[in-house]
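Participant: Protein chains in written order, with full-length UniProt numbering: chain Z, 1 to 103; chain D, 1 to 158; chain Y, 1 to 771; chain W, 1 to 137; chain E, 1 to 118; chain C, 1 to 504; chain B, 1 to 138.
Hint data in this document are derived by calculation from the structure and do not stem from the laboratory. Quick reminder that beta carbons are idealized off the backbone N, C-alpha and C, glycines included. Take the hints with a grain of salt, since some may be wrong.
[Claimed, not checked] Below, a list of computed lysine-lysine pairs in the DSSO-like style, where the Cα atoms sit at most 30 Å apart: (1) C/K26 - C/K154; (2) E/K51 - Y/K717; (3) Z/K91 - B/K113; (4) B/K113 - D/K146; (5) C/K441 - C/K451; (6) B/K113 - Z/K94; (7) Y/K760 - C/K441; (8) W/K60 - Z/K94; (9) C/K154 - Y/K671; (10) B/K113 - D/K70; (11) D/K138 - W/K2; (12) Y/K157 - C/K154.
[As the list claims (entries may be wrong)] Beta-carbon label-pair distances, calculated as ranges: (13) Y/S709 - C/Y50: 34 to 42 Å; (14) C/F270 - E/V63: 54 to 62 Å; (15) D/K136 - Z/E99: 54 to 62 Å; (16) Y/K100 - C/K357: 53 to 61 Å; (17) Y/N102 - C/K454: 27 to 35 Å; (18) Y/N103 - C/K454: 19 to 27 Å; (19) D/L65 - W/K56: 53 to 61 Å; (20) E/E109 - Y/T351: 26 to 34 Å; (21) C/F270 - Z/K94: 53 to 61 Å; (22) W/L19 - D/L65: 49 to 57 Å; (23) C/K447 - Y/K100: 24 to 32 Å; (24) Y/N51 - C/K433: 53 to 61 Å; (25) C/K357 - Y/L30: 37 to 45 Å.
[Unchecked claim] So, partial list: chain W residues that the calculated Cβ filter (under 7 Å) puts toward chain Y: (26) H29; (27) Y30; (28) L31; (29) F36; (30) M70; (31) P84; (32) G95; (33) F114; (34) V125; (35) I133.
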Amino acid sequence: MIIEEYLYYIILPILAVSVLLVFCRFVMGPSIADRVVALDLLITIGITLIAIYSIVYDQSTFLDIAMILGLIAFLSTVAFSYYLEKRNRKKREKQQREEQQDE
Amino acid sequence: MKNRFLSNILLTFIWVAITGSFEFANYLFGFILSFIIMYVITKGRGSAKYFKIVPKLIGFIFFFLWELLKANLQVAYDVVTPTFYMTPGIVRVPLDAETNLEITLLANLITLTPGTLSLDVSDDRKVLYVHAMYLKDKQDFIDDIKNGFEKRLLEILR
Amino acid sequence: MLIAILTGFVFAILLFFGGKNIVSGKLALLPALIPLSLFIYFVRFIKDISNNEIVHKTYEWIPSLGINLSFTLDGLSLLFSLMITGIGTLVFAYTSAYLKGNNYLDRFYGYLAVFMAAMLGLVLSDNLISLFVFWELTSISSFFLIGFNNTSLASRKSAFTALGITGLGGLLLLAGGLVLGSITGTYDISEMLQHKDLIANSDYYLLVGCLIFGAAFTKSAQFPFHFWLPGAMKAPTPVSTYLHSATMVKAGIYLLFRLSPLMGSTNFWNTTLTIVGLITMVYSAFHCLFRTDMKGVLAYSTISALGILVFLIGLGTQESFLAAGVFIIVHALYKATLFMVTGVVDHQAGTRDITQLSGLRKVMLPVAIAGILAAISNAGIPPSIGFVGKDLIYEGTLHLENSAILLTAFAIITNVLISYAGYVAGVKPFVGKLPEKFEKVKFPHFLLWFPPVLLAVAGFVFGVFPFLLQDSLVKPIVQTTGLNTSEIHLKLWHGFTPVLGLSALTIGSGLLLYFLLKPSKKLEQFIAKFDKLSPKSIIENVVLGFTNFSGFWTSTFQSGYLRNYISIIVLFLISLMGFTLLDGTTYKVDYSSFARITVYEVVILTILVLSIGLIVFAKSRLAAVVSTGIMGYSICLLFVFYSAPDLAMTQFAIDTLTVILFVLVLYKLPKYLNLSDYKMRIRDGILSIAFGGLISILALEVLAQPVNSEISDFYAKNSYLLAHGKNVVNVILVDFRGADTMVEISVLAISAIGVFGLLKLRLKSVERFQK
Amino acid sequence: MKTLILRTASNYLLPILLLFSIFILLRGHYLPGGGFVGGLIASIAFVLHAFANGLKDTKKLLKFHPGFLMPIGLAVSFLAGLLPVIGFDEPFMTGLWMHDTIPVLGALGTAMFFDIGVYIVVQGVTLTIIFTISESA
Amino acid sequence: MEFLLAIITGLLYAAGLYMMLRRSMVKLIIGLIIISNGANLLIFLLGRITKGHPPIIPDGSKVFTEIYADPVPQALILTAIVISFGLQSFAIILIKRAYQAVKTDDLDEMNTIEEEIK
Amino acid sequence: MTQQLLLYPLLFQLFLSILLMFFWKKIETQKIISIVGGFIGVFLSALLFYKVWHYGTQTVQAANWEAPYGITFVADTLSATLVLLTAIAGMAVSFFSAASVIPARLRFGYFPIYHFLLLGLTGAFLTGDIFNLYVWFEIIIISSFVLITLGGEKAQIEGAVKYFTLNILASIIFLTAIAVLYGLAGSLNMADLAVLVPQLKNRHLVEVTAILFLVGFGIKSAVFPLYFWLPASYHTPPSAVAAIFGGLLTKVGVYALIRIFSLIFLDNEFLNDLLIVIAVLTLFSGAIGALVQKNVRKIFSYLIICHIGFMIGGLGMFTKVALAGMVFYLIHDIMVKTNLFMISGLIYRIKGTNNVKLLGDLYDKYPKLSLLMFIPLLSLIGVPPFSGFWPKVSLIIATLNEKNYVLLGAIILGSLLTLLVVAKLWSEVFWKKGEELPVRKHFLYFKQMDKARKFQFLAPIVMLAGVSLYIGFGAEHMQQLSNRIASELINNQQYIDAVMPQNN
Amino acid sequence: MSNILIIILSSLGAIFILLAAIGFVRMPDTYLRISVTTKAVTLGVGLILASAAVYFDDLSVTSRVLAIVLFIILTSPVGAHLIGRASYFSGNKMWGKSITDELDGKYQPNSHKLSSGEEFEDEDEEEDKTEHKKSDLL
Ligand code: NA
Ligand code: NA
């Protein structure tokens, strides 16, 4: 019983504070990359939240969700990186075109 | 080598089945037990590499964990204290690792240890660009990686 | 009788399919045999009817609605049937010559046949609903007849106007009939007569009266709905002859006549009819003075005659009904003649402009005879039947108890003007000098001049021998009103009475007027100045205003702006919800039933709220998308906390995929601009907050209600034992509610196909239309 | 974005994810999971592969157009639901169960096949959508 | 907690609607996503929430022995989520296609077909 | 096997859709499957109708879980009738699609999606479960989205965005309503809800729930002031698609309203009044909207709205006579509106445009076709004894019984304006001397078609015109049918008993 | 015994995560933020999951925990690599006190090809473009 309470009153708040901190950075940005990393981080901390929660409620089922989170959270990072690259290329092509026109 | 490993696992399962205790400790115990057994029964029959790698692998894991912990503490210190002591920079690290797997593992391990971040591998796979937080001497840094992670990793993989 | 009616329809259908062959060439006269045989059929009934018999037939049609095809043949309907078929025969025959060589003669006959059948059905129906059915069919067929020259804009407009006015009347008739039905419990007029008291004492009496009047006045072109009739003169002359003088326009008269015994003898009924009839007859008779188109003259005089009929029915005495009955016959005979005459003139001389026409007797004597005879009958000069008719009118007005003198005076004025109209149309073209340009006018075809002559002569035969009509038709007609008929004696000569004096006065004034006032363009232009005040233009303006309003209303609501649509819908929803939810409810929520709040919940909720804020206020599209992702993941965590692992997994996977989709699409889009201004944002914000607030209140209220967990208990009990699964959510998905899932995967498949088609299918210009 | 690191990682992740998706699919009747999530994970595996190696490679790997999975999956689910109607004059979707249970999967019944159909459809759908978009990007 | 969730649900509806009322099509779709989440949460909330007891029959028992969360709303939401995934993907592609066809993301410029009546 | 007869029309459509997907690229095969399938569908639906007519309401408990635990499918007379009409209209449009939809569209899944749409319609009519109804609605929506956007022309996309958004909004409101209903009553089975909801203490909340349903379904049935999506989009897809949309999509909304209000939310004075107000404004807005339009299909679109008003009015009065009128109108309207949009397609193929200003001459050049097209127009106006007339009789009687003169006036005005709109249409499109339009390259005009295609074009129009004629001239049968449906709707106990016999 | 282990593991894990979060907020540039968080979080997650494994003391849980940790170890550095790289492309500046950037100028601007800096060669621009067009999902 003590463990559950320890986790509940000590660990969960620490994690919660971490989540909030990360979210602060998400709000602050400044670049999209920071936001994407924040998102990734939030999910990863979410995994720990779920893990602790599953201990507190003695429901190991929740770890399954953590598993899925761990597996596919990564994909949104991949997607956003892809976006950033593509967008960057597009910008550069546009710049080049304009430069060529200037010449 | 793969066969050995598989046999090892198989034996572990047999052990667990026999004992009927499905606890983690029992698996671990079964694994060690069957490793020893296999070491004994295949001793001197040529393909002893497997038995050399496993201890190295275990050693590597501990090395990795130690590095992880050590550098985490370093960063932690930097993070909690008001001023930063960082001297960051992106460094070009020439690679001895050749195969995709080698390079990827190396890069990932470098990233996972604090203070360093593998940014990219050159297209000709000769150079790894690493972002480092505490960069005092470039050559020292490169040597650390080459003699530490890369060497140990390649020992295991090759 | 049903067969009699159906004959026309069947014939029409035949014409539509093989028409060209039937009516082309020499067989063109054939169609006339149809009305002729029907005429003979109806003539056979004269004897029975004059013996006070009534023929009644009922066929079941829609018993569930109490609607039957029941037909009655009594004096009134016999008169109309004879007119419809008799004049119909002549018109059919006349048409074969008039429209000879017209490409669409088959169509024309088809319409005429439909019209004739419908008109027969109308006058024979005893059931008010079936009467309405035929009433509408006459409107539709007349639409086609008026618009026969369909390439002419004026024709189309007139057809449209006529249909609009008579269509409105028809709907009023339907409503009136249905009210009568709901009062009396039957739609059969003969049965209704037995419940006369119910009607008179009903709360609906006024309503029914107004509805019936609306129907009759529109159909019979009473002021202020009269203007469609002059417009309808755009139709070929046979149509004007048949529909717009002899038959269709009299349908309203027929209706009033028919319903008088049922609804008449009240102040409302009689006064309204008298006044409307009076206004109509005087107003339009006056208008005859200002027309130069022969048909225009005749149209206004027809309206005036219809006004006289309404007026007479409104008087509601035995004498006035007698006068009305006779006048129907009189008018049919002379007006049909005059129209046909006009048609011949138009057909041969190529114009109907009365100011140009004269002396045509030299080239078409029989036509001139018909015209002059008809004009005489029209003017009420003895020994024509017109004289009899006019006398009866004066007798009807003179013997009134109230305002006899005044009404008689109006009748005289009307008659004077009408007789003027008759001279203008029936005499003026034929007398005087034949202008040069008409010297080469050819003598008309036999079938063009014979029908009018026949009709005109008939007017004199009946004038000389009025007893021919007395027992056979006139008495039975009056009989249908339920009044005493024993004292009716039609005579040409009554001796020297005041009425005779009035007749003489009328004839004299009419002739005088004709000699003094010649129709001219000036007069026509003079009256045109008052067009703005005419009911026609007033109603046209109203219609125009209505159309403009329609455009305004439609484009206001259908503005093209999606956000307006959404706003209106949500506004509608929240005003209704707000009205019911906040109105008088005591807002009571049992907070004690709510679970305690924990730190991590607060953190997740905070993040949820903040991420929503970020989405709403994001400056970049990608930031909005990332924030949406965070929102989704927070909700996913909520699902974890509240025991929904399956949900959490699915939501998480789907959110990730959605992010990927967005990312794949986004970088192709243009800049993410904030396009709305400050005011708009405030407005939308208020609307949104109101919406969200109501949803929150609703949720809280529902949460305070007791729970019924019968169904989930069943699942909990049986999920493993009967459905062999322990994850109840999954068992529900694949078993208890598997049908949902089957549909759901179909939805997914469809959307994938849709996406595939949307992106891969680009129609090339060739493909766009070619098959 | 075909970086070496991502490519290598994705080559190892693909089988792991696929295996994992089947695992999630099969356990759905007893524990969280099932056809939907399973199918989504499987498609995520392929999407990841496509990100790392390019669409062409992934398509080559799949051998046929993923859209083809949709009618197949639908047919599997449909037949699983139809079997009781055709064979036993029971209502559509009535669960039919084998008497004996199978070690890993537990009881074997039409519901399982239904869920497998779902799994296939979801994969077909997700992959079709994502592949189509990236092809026309 | 239910109280806060009810407020959040309302907030989701409000934010979703607000986004739908913007002129950008991307915002419109995001709005739809938000409001769908709101609806899901509403089903979840009104089906009553339970902490830490997923509707999964524990190992070794054949029926529930203790309290459990109502599985019905969960199944409904699952269906709704998957359906809205289908719709959302279609919508997202629609943005793309609309941009190709109409060359704008601005909804106000997408009413040529409706203007012709005026 | 006959026990499950109720599900056959449903399962058969699903089967067809899946089968068609397997023949993805073989569009000729797809055409044959669709048409043959259409006939079989009519046959199956007719069987179902026969059974319901003679043996009363049929039910099937899907997956064999007794109500209210599983999903119940119910065919009372109303449902069976609508399923049959769907099948008939569906078959006609299959035919018409085979002739009129261009191959490019067919190659991208037109037929599978089309049959999914029919599946959705059939399912919506047959389900006895409120959430299942939502799911069917979704399949209808998504397949209609796909059909409306297939081809991706600019106009299509613009229309689709509005169509899409507003319909999804409707779905979300519907879902919200389900959430509240489940929160209050704890059940989803409509018969069960019919028992539970009247017992609920908090009537305010029940009323709010009803309003949510009203608005959700109201959007789908395109009533005032929720109809915007319809005129914005119905003229953009191929005419075959518009035909099935025009005939059936809004009717599903109406059906859902009927179901909900006759079964669950009974006798609420406020709601009934509200429905009547909505009906009046719907009639009015639709009619005047049609009056000012210049495109044949837009005119028809507004007429759809207008005529929805008749049905909503009937529902609002909720007497037996009114309901009978409403049901009769529903039956009539499905056939006529489907046909009208096919006719618009025919006109388009003849002249290459649907713009009223440019059209003309049809009566001169194609007199027989014109008269063929005139039949549905007559039905539309409700010229007696064509089909639109009889339901109006019942509706007017009902307004008189209820002394609802405003609605009476609206019905008369709506009818009159419909008459005028059609007259105007006729005079502009058929009578007027049309402008000489430049001959379009790559355009297949009607006169250029071969006999077989002409037949495919005209057969469905003739068929539906025939059905309309039957409805009008055989009004007695329809009236009996409507009366029976009306009495079933008024007495909801028989529905409840059929679904949950164990309750007695 | 196991309780103490759980407390130790979870406390350490939570602290590392907290540190990572603080670091994430405090670090001055994107690369540093990525760098700090990847490992701290990996370690933290691993520790906390380990505590769960100890708590449940059940093979299936343990294997799941192992799986999760393995996944994270496998994926998070890859993610860091990708986002770091992307961040470099989008021109995120390094912190002012950074001492060197050997990556500067090594990327081909259009193809994003990365040179090792040993054999820098001028690639044909046109070839780049065509390749870009072909690559679909890249
Ligand atoms: Na490191
Ligand atoms: Na990392």
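Participant: At the C-beta level, are C/F270 and Z/K94 separated by a distance inside 53 to 61 Å?
Facilitator: Once the Cβ atoms are compared, 60 Å apart, the range 53 to 61 Å for Z/K94 and C/F270 holds.
Participant: Given a hinted range of 53 to 61 Å, is it respected by the beta-carbon distance of Y/N51 and C/K433?
Facilitator: holds (56 Å)
Participant: Under the criterion that the straight-line Cα-Cα distance not exceed 30 Å, is the pair Y/K760, C/K441 satisfied?
Facilitator: holds (25 Å)
Participant: With a cut-off of 30 Å on the C-alpha distance, tell me whether C/K154 and Y/K671 pass.
Facilitator: holds (21 Å)
Participant: Restraint: W/Y30 near chain Y, CB-CB cut 7 Å. Satisfied or not?
Facilitator: At 5 Å from the nearest chain Y Cβ, W/Y30 passes the 7 Å test, so the hint holds.
Participant: So does W/L19 sit 49 to 57 Å from D/L65, Cβ to Cβ?
Facilitator: About 27 Å separates the Cβ atoms of W/L19 and D/L65, which means 49 to 57 Å is violated.
Participant: Do the beta carbons of Y/S709 and C/Y50 sit within 34 to 42 Å of each other?
Facilitator: Check passed, 41 Å falls within 34 to 42 Å.
Participant: Less than 7 Å between beta-carbons is the criterion; does W/F36 satisfy it with respect to chain Y?
Facilitator: holds (6 Å)
Participant: Run the distance test for B/K113 versus D/K146: straight-line Cα separation, threshold 30 Å.
Facilitator: holds (25 Å)
Participant: Does W/M70 pass the interface check with chain Y, least Cβ-Cβ distance below 7 Å?
Facilitator: holds (4 Å)
Participant: Restraint: W/I133 near chain Y, CB-CB cut 7 Å. Satisfied or not?
Facilitator: holds (5 Å)
Participant: Go through the hint on W/P84 and say holds or violated, using the shortest Cβ distance to chain Y against 7 Å.
Facilitator: Nearest chain Y Cβ about 11 Å off; hint violated.
Hints 8, 10, 12, 14, 15, 16, 19, 20, 22, 31, counting from the list given before, are not met by this structure.
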